[in-house]
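Starting from the given sequences, assemble the full structure and let the hints guide the process.
Going down the list, the sequences are from chains C and G. Each residue of the first sequence is one higher than the one before, counting from 1 in my numbering. Each residue of the second sequence is one higher than the one before, counting from 276 in my numbering.
To be clear, the hints were calculated from the coordinates, so they are not data collected in a lab. Treat the hints with care, as some may be off.
Estimated spans, in silico, between C-beta atoms of each pair [claimed, not checked]:
id, chain 1, residue 1, chain 2, residue 2, range
1, G, Val317, C, Phe143, 42 to 50 Å
2, G, Asp307, C, Lys238, 33 to 41 Å
3, G, Gly339, C, Phe143, 53 to 61 Å
4, C, Gly140, G, Lys338, 42 to 50 Å
5, G, Val317, C, Pro241, 40 to 48 Å
6, C, Pro154, G, Val342, 57 to 65 Å
7, C, Ala257, G, Val342, 19 to 27 Å
8, C, Glu184, G, Thr395, 17 to 25 Å
9, C, Pro228, G, Asp333, 52 to 60 Å
10, C, Lys71, G, Asp307, 20 to 28 Å
11, C, Glu132, G, Val317, 48 to 56 Å
12, C, Gly150, G, Thr308, 47 to 55 Å
We put the beta carbon where it would ideally sit given N, CA and C, even for glycine.
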Amino acid sequence: MFHLTNPVLAAIAGCTLLFVANAQTADRKTAEPGSGRAPAPVHDISGIWQPENWLAGIGPNGAFNMPGDGKHEPPYTAYGLELFKRNKPSNGTTEVGPADENDPSHQCDPQGFPRENLFELRATQIIQNPLETVILYTYGRIFRIVWTDGRELPKDPDPRWFGYSVGKWKDDYTFVVETNGTDERTWLDNAGRPHSDELRVEEVFHRADRDRLEITLTIDDPKVYSKPWMAMNKLPMKLMPATFDIPEMMCSPTELAECNRRHAAKGGHAPARPK
Amino acid sequence: MKLRLRTTCALAFSLAFAPAVLLAHHGSALYDTSKRITVQAVVTDWLWANPHCLLEFDVKDDKGNSVHWNAEVSNPQDMTAQGWSRKMFKPGDQVTLTLIPAKNGEPIGRIVEVVLNGKTYAGFGSARPPASGSTPPENSKQ
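So this is what it looks like as structure tokens:
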């Protein structure tokens, strides 16, 4: 009769662990030693993600890395500056009172892209299949499709609120998305930064480990800005449980009108009407 | 007096260091953010809505006349995270409100804090992770 001795068992267990470990490192990123973090899966950013600092995704005064605080201002062209002056935001260095602002999103127009990333970025679900990556946002319950079937961006697209997006894997853990064709009526951020029909946005989704996704977003619009500028730099998002029930957050025209009716009568928010 | 001073200092501290993000949808141009007022009020209505929830209430002025006010907080999602709810106020509730008043002197404001039935609820300017959504309803668990 063959008996497994303790040393034999230990050897088998050790080899098994070594095999499993090797198999995992073949398709998973090795976590930093001592980090206590689980490795990231390869070519996978799916899951429900929320800013690590819950409120870090709100962006009340403009793009996270270019807030309208008097210390940061993107590199406007002359035309860009002219467009910026036409916008009358209720936040940032050029903020005006409720009766004078003309923020299109305050009429419940879609925020559009990239403002959906730069204002009210909350719990965000990402779903992947071989042809597309779908991004589901909390604010407005908006979704975006990022095509991964190899197609190019359209050459002369009809503008859309959220434009056209294509994505490619730069490496095992970095997914890069390019977007064009966004609607010029939308603002880039809460501080009223404008864009033209030549806007091109690059989003980089880097999965640092299993539980952390970093998002970087760069604005490139040669009509409006003299050089590309970074609006978001590695904003950390944490992986939420798969059972996380994403709250609802909508811009409802009737609720907005009711808020305005009650508050505007006393000098509060502007009535819900086009400016 | 000491209590009031402590409260004022605590409020000033919390407002100075709290993230401004709950002032998200609308800027502060309407309000005199350097001021705080505290009033005893009687609730007349509570609107649980986007982009901002609104509390309607009556306050007695110095001459004993009733003045109707309303004041806003953030959206339902953020206020739920702060422990507020759609049914927390009913007409007739007596509350103590600390408000950021409007620059133009009209009886409107932003709620910094409300005391209801002996419990204090933080309004604008407080940060707490959202409780809502983190625990799915039992029937949605997979």
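Comparing the hints with the structure gives:
Here the CB-CB span from Val317(G) to Phe143(C) is close to 44 Å, well matched to the stated 42 to 50 Å. Taking the beta carbon of each, Asp307(G) and Lys238(C) are about 37 Å apart, inside 33 to 41 Å as hinted. Taking 53 to 61 Å as the suggested C-beta distance range, the pair Gly339(G) and Phe143(C) conforms, at roughly 56 Å. Between Gly140(C) and Lys338(G) the beta carbon distance is about 47 Å. The supplied range of 42 to 50 Å therefore holds.
A beta carbon spacing of about 42 Å between Val317(G) and Pro241(C) agrees with the range 40 to 48 Å that was offered as a hint. Remark: the range hint 57 to 65 Å for Pro154(C) to Val342(G) is upheld by a beta-carbon distance near 58 Å. The hinted range of 19 to 27 Å is satisfied by Ala257(C) and Val342(G), whose Cβ atoms lie roughly 25 Å apart. The hint said 17 to 25 Å for the Cβ distance between Glu184(C) and Thr395(G), and at roughly 47 Å that hint is violated.
Range check, Pro228(C) to Asp333(G): about 54 Å between beta-carbon atoms, so the 52 to 60 Å window is met. Look at Lys71(C) against Asp307(G): about 24 Å separates their beta carbons, and that is inside 20 to 28 Å. Evaluation of the 48 to 56 Å hint for Glu132(C) and Val317(G) yields a pass: the beta carbon distance comes to about 55 Å. Taken as a hint, the range 47 to 55 Å holds for the pair Gly150(C) and Thr308(G), whose Cβ atoms sit roughly 52 Å apart.
In terms of the numbered hints stated before, the structure departs from hint 8 and from no other.
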